[in-house]
Amino acid sequence: MSDPANYTLPNPGPRPEGEEEELLRIWARPKGWRIISAVNNTVIGIFYLGIAFLFFLMAGVLGLLIRTQLAVPENDFLSQDLYNQIFTVHGTTMMFLFAVPAVEALGVMLLPQMLAARDLPFPRLSAFAIWAYVVGGLVFFSTIFYDLAPDGGWFMYTPLTLKEVSPGDNADFWLLGIGFIEISAIAGAVEIVVGTLKTRPPGMSLAKMPIFAWAMLIFAAMIVFAFPAVILGTMLLEIERSFGWPFFTAALGGDPLLWQHLFWFFGHPEVYIIFLPAAGLVSMIVATMARRPLIGHDLIVVALIGTGFFSFGLWVHHMFTTGIPSLSLAFFSAASMAVAIPSGIQVFSWIATMAASKEKFRITTPSLFVLGFLFIFTVGGLTGVMVALVPVDFQVHDTYFVVAHFHYVLIGGMVFPLFATFYYWLPMASRNMLSERVGRWVFGLMFVGFHVAFFPMHITGLRGMPRRVWTYPGDLGWDTLNMISTVGAYVFAAGVLLFVIDLVRRFRPVITGPGGPENPWGAGTLEWLPNDVYSTRSIPFVTSREPLWDQPNLAKEVQDGHHFLPNAPTGGRETIVTSAIEGKPQYIIRMPGPGFAHVIAAVFMAAFFLLLTVKMVTIALACGVIAIGACLVWTWGLDKGPEKGEVDIGGGISLPTYQSGSSSHPWWAMVVLILVGASLYLAYVFSYLYLWIVSPEVWSPQGSPPLPDAFWPIACAGLILAGGAAVFGAGKLLPEPGRRGAGTPLLLLIGAAFLAGAVALNIWSHWQTGLRPTDNAYGAMVYMASVLDAQLVAAVVILLLVAVARHLTGRLDRVRRVVFENAGLLSAYAAAQMLFGLLLVHGFPRVAG
Amino acid sequence: MRTLRLASLLFLALPAGCGGVQSALVPRGAEATEIDALFWTVTWVSVAVTILVVSFVAIALWGPSRWRNIIADHWVVTVGGIALPVVVLSALLAYGLIVMQVGAARSASADGPGITIVGKRWWWEVIYDRPDGSTVMSANELRLPVGKPVEIRLESDNVIHSFWAPQLGGKLDMIPGRTNVLTLEATEAGISRAQCAEYCGGAHALMSMFVVAMPPEEYEAWLEAEARPASEPSDEAAERGRTLFLENGCGACHTVRGTDAAGVVGPDLTHVGSRRSLAAATLPNDRDAFARWIRDNQHIKPDNLMPPYGNLTDGELTAIAAYLDGLE
Chain A
1 MSDPANYTLP
11 NPGPRPEGEE
21 EELLRIWARP
31 KGWRIISAVN
41 NTVIGIFYLG
51 IAFLFFLMAG
61 VLGLLIRTQL
71 AVPENDFLSQ
81 DLYNQIFTVH
91 GTTMMFLFAV
101 PAVEALGVML
111 LPQMLAARDL
121 PFPRLSAFAI
131 WAYVVGGLVF
141 FSTIFYDLAP
151 DGGWFMYTPL
161 TLKEVSPGDN
171 ADFWLLGIGF
181 IEISAIAGAV
191 EIVVGTLKTR
201 PPGMSLAKMP
211 IFAWAMLIFA
221 AMIVFAFPAV
231 ILGTMLLEIE
241 RSFGWPFFTA
251 ALGGDPLLWQ
261 HLFWFFGHPE
271 VYIIFLPAAG
281 LVSMIVATMA
291 RRPLIGHDLI
301 VVALIGTGFF
311 SFGLWVHHMF
321 TTGIPSLSLA
331 FFSAASMAVA
341 IPSGIQVFSW
351 IATMAASKEK
361 FRITTPSLFV
371 LGFLFIFTVG
381 GLTGVMVALV
391 PVDFQVHDTY
401 FVVAHFHYVL
411 IGGMVFPLFA
421 TFYYWLPMAS
431 RNMLSERVGR
441 WVFGLMFVGF
451 HVAFFPMHIT
461 GLRGMPRRVW
471 TYPGDLGWDT
481 LNMISTVGAY
491 VFAAGVLLFV
501 IDLVRRFRPV
511 ITGPGGPENP
521 WGAGTLEWLP
531 NDVYSTRSIP
541 FVTSREPLWD
551 QPNLAKEVQD
561 GHHFLPNAPT
571 GGRETIVTSA
581 IEGKPQYIIR
591 MPGPGFAHVI
601 AAVFMAAFFL
611 LLTVKMVTIA
621 LACGVIAIGA
631 CLVWTWGLDK
641 GPEKGEVDIG
651 GGISLPTYQS
661 GSSSHPWWAM
671 VVLILVGASL
681 YLAYVFSYLY
691 LWIVSPEVWS
701 PQGSPPLPDA
711 FWPIACAGLI
721 LAGGAAVFGA
731 GKLLPEPGRR
741 GAGTPLLLLI
751 GAAFLAGAVA
761 LNIWSHWQTG
771 LRPTDNAYGA
781 MVYMASVLDA
791 QLVAAVVILL
801 LVAVARHLTG
811 RLDRVRRVVF
821 ENAGLLSAYA
831 AAQMLFGLLL
841 VHGFPRVAG
Chain B
850 MRTLRLASLL
860 FLALPAGCGG
870 VQSALVPRGA
880 EATEIDALFW
890 TVTWVSVAVT
900 ILVVSFVAIA
910 LWGPSRWRNI
920 IADHWVVTVG
930 GIALPVVVLS
940 ALLAYGLIVM
950 QVGAARSASA
960 DGPGITIVGK
970 RWWWEVIYDR
980 PDGSTVMSAN
990 ELRLPVGKPV
1000 EIRLESDNVI
1010 HSFWAPQLGG
1020 KLDMIPGRTN
1030 VLTLEATEAG
1040 ISRAQCAEYC
1050 GGAHALMSMF
1060 VVAMPPEEYE
1070 AWLEAEARPA
1080 SEPSDEAAER
1090 GRTLFLENGC
1100 GACHTVRGTD
1110 AAGVVGPDLT
1120 HVGSRRSLAA
1130 ATLPNDRDAF
1140 ARWIRDNQHI
1150 KPDNLMPPYG
1160 NLTDGELTAI
1170 AAYLDGLE
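Residue numbers (this note's numbering), protein chains in the order written: chain A, 1 to 849; chain B, 850 to 1177.
Since the hints were made in silico from the structure, they are not lab data.
Please note that the accuracy of each hint is not assured.
What the hints assert, rightly or not - Taking beta-carbon pairs under 7 Å as the criterion, some of the chain B residues facing chain A (in silico):
| id | residue |
| --- | --- |
| 1 | Q871 |
| 2 | A909 |
| 3 | I920 |
| 4 | L942 |
| 5 | I976 |
| 6 | P1015 |
| 7 | P1025 |
| 8 | L1161 |
| 9 | D1163 |
Model, not experiment: these values are computed from the prediction.
All C-beta atoms, glycine included, are put in the ideal place defined by N, C-alpha and C.
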């Protein structure tokens, strides 16, 4: 395609002495135990993936315990109570602590390498997300050892999980532990969205982006829209458990099905959140092993986007047996089947690419896992079509047929690609590769064990065995099938064990030195460029989708520093930011290095949530304050300002080292965060209207006190608008660099006070009508709007106060203004959300009633 | 390839020969029969698609280069990935919707007296409507007339359960605050088994019951008998059992119509002796099982809401068991 003559090297001349040494010094990894302060993606990516894999092993052991209990009928190996805890923790850990973190870890580890960025745009944010997950996840998992583990199943249906039926702390551990891990997932998603859109190498337009980056971009976008629904769900459930606001209690106008809607609105996309990155990995491995670009590349991208889109229209197919009207059944049945089409596109693209291999498709261990994936996922997809057929689902729903189906989809669709990835991308993390010979045994045991374990479950389910039963009678024709499944589970586990043994023997982490073998598979993408702690020596100019295939001298050119940014002109960590679509260089990010503040913030935030769970409120609050303090310390050093001026990156391009406004990466991150907030609020609006449809009789004015007089919402709206205007005005009054003014801080303080005042006034207006949140579902929903507003405004107030402090210390002015812009964006969103909330809560009952 | 096909045939054929009383593959109801046909259709379609995909992969990997060249092209993606699924899925979807329509028509034709089943932790309250508008309270066993679609109203006053009698039809959830209506039509007389399909905490695994489909005239007679108050104890032991039953406060939770026992917390025991099982199909129904249950129920069915009566002597237990067993 493009030969080297088509581009001129950005830095053709020889590089000065000592330049690489400087890069090595700047990007040096902390030594010894201080490695926990590291933020670089190559280090924390290994921690992240390692811990996720540890959770896979631990939850896998729980799976073996389940299989051991079910091997024979009327077994008493596990008690009923322990069994119920074990299957809950098995499912919860696999979904929340293994699957999502594992793919996010792959994103953290691989994306910067694939994009030849020196790091992700917010290194400390991803490190924070990881440490929070490590601490929170380990504590959550450990509850199984002292009989405190949740026992309501991984989807925690109400009313089973309400206080009356489940009075212990077990369910709270699920709610707070998982809610908190979701927040960590969202932090990672912000990182990945901004990373893929803004830190690609010069020349890499969206069309030239590797397919895995596409998959991760869609993955992260799906997290942004899907996770808030379950975060709202966990908030509502925890509030009902702790304070008795009856969101899910039918007797007071709530509805247990509201939980199912919120949970599955997240839970179904969740399946594709796990699958899409895995599909992206498979696409990359297939292309490499075929030694040629993918056939149907563009269709695959469309398929990934289509899957992401469709997956939000399927959630009701988990609720076919709840008695919802048949028209909705038909709609969701059709949508559930439609989502099979993007998967079909991908499967046949891979097959065509394999057939089109230069010479023959190479059968390596990664290829075996890919082929295993292809078969298992196809079968799982077809049983998915079966359960999408409403009448068939009436029979097989909540039986072992479904257990078989989702293990085919999840183990086939995610675990097999993950193992392919382990073998394929190990050089990113280890100096040694794994054994190909042992790898074949690992694959063989896992593949055979998988089918022996899970295929019979289809029949067990059809013969009537429901899910989540700790024992069963011996005369129903289930015993032989269960014994076969148990044997298969142990064979599968033997394969995983063999992998772990090989890993222990050969894994030599690159934490202590340079990377593994250079491009052992002859791949075409940038992660296989020669690299060291600083990533690549220079950042390549990219002219195609497989640069290593199409630009034959690229590795040497990059290594010799002939491409962009071969040095560290600002004297610190930095990478190039490019435009979101075209990949045109825009500016240089100056990135933070190792630190402890984010680690402390993560650990104490985890402590805050977990101590709240066991009702040690005072200590929890203290931990929360420490966590916020640590966040402030961590962020104070950011927004360094334009002091370094412009720098030359080669190719005659000179870039600024400071950027504000809509092309800056903090602006993008804030926009993503606002989308998260808006999704959360939309989930609330849905819940409000849903409960009104279910129980209009408790709504004001018939079933509850009349709404406050129109004066109150109008006064609130006035405060909100005045507060927003004050913040806007503060921006206009920002002084020239080096100067300070009284106007800006005063207006910022006024803005904060007005916004907080509006929240308080709104709460008071409802309180004085006599309405209480514990009265009925209507009261609970009315006050819930204020809870969401208060939570948002608390964040706004903190940001505004930080802006005031930075202005007073000379760190915020007309040019150095990123902190203000972020606070301003969030204030604007808060004002919009609150105004919409007033319209809904004060207006809707007036119209509907 | 051949082994694979053989294996899949073997696996699929295996269940057809032998299914238990809770198997969806042995349909004895109208809905179950229709779903069975749909299920096997989609199963064979799936087998065909699997064989197609595996064959294509085999050709892509090991086929002669002429064959490989044919499938190394975009048409495979457009035809295999788009056209084929669109056609096959649309046909299956239409078939599924037709089955749903047939079910809806059957529901509309269910005009006889219905039955209400209320999910409890962890047992079933079964309330039969009679033609005269009165109701008959029973528990932990469902009887149905063969050949008549019966409207089953499903409710719960605690957590979510799901009623599933696989030989008769699909499952439907029992959700607090709602009444879901399921229409069942048994096509032949016989005994099958139902089980709670939605995880409902604690003893979810042990929440089942037998479903007895009877010829309509037998059903009418049975319902007539079920509506009567409890029979008098037939011997001295049973007589003593009734006294002990009442003295020990069993009536606070259980009803035995015709006695002072009128509790509504536990299952109605008026005709408990005539049921096929105890404790929601946890134990067989005999004297020994009654005695074991009363003394040791927390081991037999952990967390169930009945306290164990360890204070009763063997003699007392035998007497109560004799009384309850005689309530036919």
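To see whether the hints hold, each was checked on the structure:
1. Q871: Since the shortest Cβ distance to chain A is 3 Å, the answer is holds.
2. A909: holds, 4 Å
3. I920: holds, 5 Å
4. L942: Status holds, d = 6 Å.
5. I976: With a closest approach of 19 Å, the B:I976 hint is violated.
6. P1015: B:P1015 check passes; min Cβ-Cβ to chain A is 5 Å, inside 7 Å.
7. P1025: holds, 4 Å
8. L1161: violated, 25 Å
9. D1163: Because about 25 Å separates B:D1163 from the closest Cβ in chain A, which is outside the 7 Å limit, the hint is violated.
Hint violations for this structure: numbers 5, 8, 9, all remaining hints satisfied.
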